[in-house]
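Using the hints, position chain A against chain D.
Listed below are the residues making up each chain.
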Amino acid sequence: MTEIISLQDGLLADIARTDTLDEVEALRVGALGKSGVVTALLKTLGAMTPDERKAKGPAIHALRESVTAALAARKAALEQAALDSRLASERIDMTLPADMPPQGSVHPVSQVMDELAEIFADLGFSVATGPEIEDDWRNFTALNIPETHPARAMHDTFYFPDRDVEGRAMLLRTHTSPVQVRTMMGGEPPFRIIAPGRVYRSDSDATHTPMFHQVEGLVIDKGIHLGHLKWTLETFLKAFFEREDIVLRLRPSYFPFTEPSVEVDVGYTLEKGQRIIGGSGDAENGGWMEVLGSGMVHPNVIRNCGLDPDEWQGFAFGTGVDRLAMLKYGMNDLRAFFDGDLRWLRHYGFSALDVPTLSGGVGA
Amino acid sequence: MKFTLSWLRDHLETDATLDAVLAALTDIGLEVEGVENPAEKLAGFRIARVLTAAPHPQADKLQVLSVDAGDGPMQVVCGAPNARAGLVGVFGSPGATVPANGMVLRVAAIRGVESNGMMCSTRELELGEDHEGIIELPGDAPVGTAFAEHAGLDDPVIDVSITPNRQDCMGVRGIARDLAAKGLGTLKPLADVFAALPAVAPQGAGPDVRTDDPEGCPAFYARSVRGVANGASPEWMQRRLKAIGQKPISALVDITNHVMIDLGRPLHVYDMATLAGGLVARKAKAGEEVLALNGKSYALTPAMTVIADATGAHDIGGIMGGERSGASETTRDVLIECAYFTPESIARTGQALSLTSDARQRFERGVDPAFLDEGLEIATRLVLALCGGTPSAVTRAGTPPLEPRTLAYDPARCASLAGVDVPSARQRDILERLGFTVADDPTGAGWRITVPSWRRDVTGQADLVEEVVRIEGLDKVPSVPLPRAPGVAKRTATPLQLVERRLRRAAAARGLNEAINWSFISEAEAAPFGGGDWVLANPISEDMKVLRPTLLAGLLSAARRNADRGAASIRLFELGRRYFRNADGSSDEYATLGLVMAGEARARGWQHGKARGFDAFAIKAEVEALLAAAGAPVARLQVMDGAGDAYHPGQSATLRLGPRTVLARFGVLHPRLARAFDLDGTVVAAEIHLDAIPQAKKSGFMRPPYAPPALQAVTRDFAFLAPDALAADALVRAIRGADKAAIADARVFDLFAGHGVPEGQKSLAVEVTLQPGDKSFGEADLKAIADRIVAAAAKQGATLRG
Chain D
1 MTEIISLQDG LLADIARTDT LDEVEALRVG ALGKSGVVTA LLKTLGAMTP
51 DERKAKGPAI HALRESVTAA LAARKAALEQ AALDSRLASE RIDMTLPADM
101 PPQGSVHPVS QVMDELAEIF ADLGFSVATG PEIEDDWRNF TALNIPETHP
151 ARAMHDTFYF PDRDVEGRAM LLRTHTSPVQ VRTMMGGEPP FRIIAPGRVY
201 RSDSDATHTP MFHQVEGLVI DKGIHLGHLK WTLETFLKAF FEREDIVLRL
251 RPSYFPFTEP SVEVDVGYTL EKGQRIIGGS GDAENGGWME VLGSGMVHPN
301 VIRNCGLDPD EWQGFAFGTG VDRLAMLKYG MNDLRAFFDG DLRWLRHYGF
351 SALDVPTLSG GVGA
Chain A
365 MKFTLSWLRD HLETDATLDA VLAALTDIGL EVEGVENPAE KLAGFRIARV
415 LTAAPHPQAD KLQVLSVDAG DGPMQVVCGA PNARAGLVGV FGSPGATVPA
465 NGMVLRVAAI RGVESNGMMC STRELELGED HEGIIELPGD APVGTAFAEH
515 AGLDDPVIDV SITPNRQDCM GVRGIARDLA AKGLGTLKPL ADVFAALPAV
565 APQGAGPDVR TDDPEGCPAF YARSVRGVAN GASPEWMQRR LKAIGQKPIS
615 ALVDITNHVM IDLGRPLHVY DMATLAGGLV ARKAKAGEEV LALNGKSYAL
665 TPAMTVIADA TGAHDIGGIM GGERSGASET TRDVLIECAY FTPESIARTG
715 QALSLTSDAR QRFERGVDPA FLDEGLEIAT RLVLALCGGT PSAVTRAGTP
765 PLEPRTLAYD PARCASLAGV DVPSARQRDI LERLGFTVAD DPTGAGWRIT
815 VPSWRRDVTG QADLVEEVVR IEGLDKVPSV PLPRAPGVAK RTATPLQLVE
865 RRLRRAAAAR GLNEAINWSF ISEAEAAPFG GGDWVLANPI SEDMKVLRPT
915 LLAGLLSAAR RNADRGAASI RLFELGRRYF RNADGSSDEY ATLGLVMAGE
965 ARARGWQHGK ARGFDAFAIK AEVEALLAAA GAPVARLQVM DGAGDAYHPG
1015 QSATLRLGPR TVLARFGVLH PRLARAFDLD GTVVAAEIHL DAIPQAKKSG
1065 FMRPPYAPPA LQAVTRDFAF LAPDALAADA LVRAIRGADK AAIADARVFD
1115 LFAGHGVPEG QKSLAVEVTL QPGDKSFGEA DLKAIADRIV AAAAKQGATL
1165 RG
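So the sequences go chain by chain: D and A.
Counting from 1, one number per residue, gives the positions in the first sequence under our numbering.
Counting from 365, one number per residue, gives the positions in the second sequence under our numbering.
Hints are supplied without guarantee of correctness; some may be wrong.
[Claimed, not checked] No farther apart than 27 Å at their CA atoms in a straight line, the calculated lysine-lysine pairs in the DSSO-like style are these:
#: 1; chain 1: A; residue 1: Lys-405; chain 2: A; residue 2: Lys-611
#: 2; chain 1: D; residue 1: Lys-272; chain 2: D; residue 2: Lys-238
#: 3; chain 1: A; residue 1: Lys-1159; chain 2: A; residue 2: Lys-1104
#: 4; chain 1: D; residue 1: Lys-54; chain 2: D; residue 2: Lys-75
#: 5; chain 1: A; residue 1: Lys-606; chain 2: A; residue 2: Lys-405
#: 6; chain 1: D; residue 1: Lys-238; chain 2: A; residue 2: Lys-1147
#: 7; chain 1: A; residue 1: Lys-366; chain 2: A; residue 2: Lys-405
#: 8; chain 1: A; residue 1: Lys-854; chain 2: A; residue 2: Lys-1062
#: 9; chain 1: A; residue 1: Lys-1147; chain 2: A; residue 2: Lys-1159
#: 10; chain 1: D; residue 1: Lys-222; chain 2: A; residue 2: Lys-840
#: 11; chain 1: A; residue 1: Lys-840; chain 2: D; residue 2: Lys-238
#: 12; chain 1: A; residue 1: Lys-854; chain 2: D; residue 2: Lys-222
Worth flagging that the hints you see were computed from the coordinates, not collected in a lab.
One chain only, chain D, in its complex shape (with noise of 0.2 Å):
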């Protein structure tokens, strides 16, 4: 018994001495290998007699076990302390920079006209477009302002040389209102649409350049009046700026397509020198400020896009959008719209993600 006792100490020790896997591995196939010390003495077992194997087995089955555990234990020593000797020297600063993928963009124009088609579908509006190159017809006639009309003058028009097979003179829409016409006399009223895209006026200083964005809204109904219309902006305009405060101001005017014809101030609060939307303008450090045209479309205009104006009324406003970006998100230089400056692009520019929803608030 005492040889097996000493055995197993000489094997603990030699196993627990070990440096290497090797030398662990050396030392099982020494010990429990096919012709190990271990397994030779397992062999005895067998020709001993009942007596002499029920003394001797219980040990013998222990020093292998002991020496199986002892020798599976060192090598998962073993094994861990390479790995973290690996780990270790394979360690990096991770204050390095990694790798950004470049930072896209959308314009704000853009976005702004994303917002409105979100606010005004809620409201039941379509978004229709028509040509920027229009013909003297939709942009003017048709709109009540004949060609000897005072505001002809108004809108600085750029015009083509050319003529189209009617006759018409072309130009550069100086309103999106020609899409006015086009949607009357292109589908069956009850109409609700809003217009938004590119127009154009022969005009360039420091708060006009000679291509801006309009949004046109039009709604041709039955029964529908300038109630509706003053309810449609405000509801607009809070929803656009996100604030319940807005206080609207109409003042008669004069448009040729519209008839009443209003003027829609919204009332601000000068804060630090900013212009914030929101509040009356009567109010302390309050004021108006012009943001949309409007009023109910001129029977002439109803009439000469093929519908009875005794049958149907309606409402039409435009604004710019370029002005509303202005006025939401704070830029004061109309010329940088239209720059293509990556740094102003990058400031003013909104995230591919911030795609305007009525659940997650339109404005970003």
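What follows is chain A alone, placed relative to chain D:
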């Protein structure tokens, strides 16, 4: 349109405050653009008497004055040569701001002598040019009184914006009428306004005038006044004209301007000594020239109306008088013209000549055709009052269009159109105050309304509703919700709008920055793209002349501006239109996404080393990714040549669906074009044609059932030797077609030429993915497929590499 408060009060009996007047003006649609009281600038300047004047001990040109401005003697140092004891002038006390230079007066020592203010010159107070000496007022001017008040300058100047439909408010009286209707006072009868002027006692026949152009000038009324003295107009008239920014010229000219501003009635006066025979309104002769009062000469056409005598045209009728017959200080006999010019004709002439004037503004909007006699009478009385003379009878040539307009009006229309229920009695009152005649309609319900002669703009019920609500107040219009369809809002965007939105956000998500560039470019920029179909007749500059046939020009210009600002990496896109022309002459506009990348594709970095530029496959990747985002069947698209002259001929392509439909063109920009835009390095560009992207037809939301193959796919690699000219795509397509049932995919994974590859050939390695159906491939199956692949490749000229 500018006027002063006191001028308004000539016509409007009111005790309303200035603020009330201003608020009412804006409320009724006469938007107040500004208001300025000249007296505010003169706060702190009072009338003062010089008590004593003594020489300054230290300076020859200065005097030391003792001045009384109402509160006892004060010492003032003064340099004016006319300063002397007994003079009554204008004194600025410490704290007052000198209008001319913004200097704030304070107590100060001037050459050692204390001065407690300043005696002022006309120029210092911005009341004139005189700076020779200090202002001298009459000896009895009330000392201590605010000078502005004494001088009648305490009269706010109001500037209102008059919309083109309201000619009647291009005269102070019209504005007064509107305010009276609003309830701000009472409109004084016209006779009362001019009660102080002498009556006209005509002597002799009227002047010889006629109209030979009843279309352009249907009525030409005139009268002469002989023996006038055309000096300066009186102080009150000059002050008014100056207050509104008009320069006083002479009594006769000032009278015409005053009547025009006062009553909206343009007039013209001729020095009869310069006229040869009678005056006639006629069409101009072709090429006839008129030297107008602005000093410029205008060549006229026979569509334009002139006022001429025997020697030729004097006047561009209704727009501007002629230089050679204008009134001067030597004028003794004057002819006053009061005519009616047809608005459309004035508008056409004014537009054609690019000539604006106060008279044109009024005539083209339509002056009151019933006010010729009264206008001429008032002008004559003013001439008599200010210049004396003997008036003739009036000559009335032609007749103005006086036909009164009557309209049917149903008062219920106010509620149905404006949404505000104004009681009938109130509506009637408003309309009558505005000069409309309201009668019950004999045929039944509603009213017959006669429109006053000065309201040419009112032609229908809607106009009458506007009159009622603008006077009643738009603040009375309630906010009424627009009827709403039940349920959640419906989808409204069109397929093209959805494509546009997806492309925009996909591009931004891929690191591209959206720009918006001008729709117009220069002819030179358009040329490499085949030029533009639309060239502006009146461009703002040569750089903005052609409606773009491409989005690239604008993007390249923007790229250059960014490069000039030092941007290292430029990725810009734009969603806009390209403009072409249809056969019928209408516009053909194509929604397009343009894309330009320049500079560094990847900045230098510690991991990758040097910066890397863009190449053809960088742009191809963008285009394919964007097309995929837009829903295009990218796998089915063919890569073909024909990107166009803007691109590198060997490093560009189009993506087509079928041989004709071009969805995109892309590639490396032609180096010549890059140089034309001053861009260094490789520039890549693309245009995607939104309208060419086919819209997937969708029937409901249900996807096809999910059925993954039961067996795993296997891959096999093939290396081919192929002629250089063989497109990789052709080889891959041939391989895919070799066994459509088994081959799920094939893709090039290696390209090699040079060592070991024969001259003129290349080695292309293709990984083929084979998808077994219901049983695995056996060796024989794989061999058969491989044979088919090799055979298909052979047809393309590719041989399996040994």
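Given the proposed pairing of Lys-840/A with Lys-238/D, does the C-alpha separation stay at or below 27 Å? Roughly 20 Å separates the two Cα atoms, so the pair holds.
Restraint status (C-alpha distance of Lys-238/D to Lys-1147/A at most 27 Å): This hinted pair is violated, its Cα atoms lying about 71 Å apart.
Quickly compare the C-alpha distance for Lys-366/A and Lys-405/A to 27 Å and report which way the hint goes. 19 Å, holds
Between the alpha carbons of Lys-222/D and Lys-840/A, is the straight-line distance 27 Å or under? Roughly 22 Å separates the two Cα atoms, so the pair holds.
Given the hinted pair Lys-272/D and Lys-238/D, is their Cα-Cα distance within 27 Å? Holds, at roughly 22 Å.
27 Å Cα cutoff - pair Lys-54/D, Lys-75/D: Not satisfied, since the Cα-Cα distance of roughly 32 Å exceeds 27 Å.
Checking one constraint from the list: CA of Lys-854/A to CA of Lys-1062/A, max 27 Å. Satisfied? With a Cα-Cα distance of about 17 Å, the restraint between Lys-854/A and Lys-1062/A holds, given a limit of 27 Å.
Is the hinted pair Lys-405/A and Lys-611/A satisfied, with a Cα-Cα distance of at most 27 Å? 20 Å, holds
Mind checking the alpha carbons of Lys-854/A and Lys-222/D for me, to see if they're no more than 27 Å apart? 21 Å, holds
Hinted pair Lys-1147/A and Lys-1159/A, Cα distance within 27 Å: 19 Å, holds
Agreement of Lys-606/A and Lys-405/A with the hint, judged by alpha carbon distance not exceeding 27 Å: Measuring from Cα to Cα gives roughly 16 Å; hence the hint holds.
Would you mind confirming whether the straight-line C-alpha gap from Lys-1159/A to Lys-1104/A stays at or under 27 Å? 17 Å, holds
Checked against the numbered hints given earlier, the structure breaks hints 4 and 6 and satisfies all the rest.
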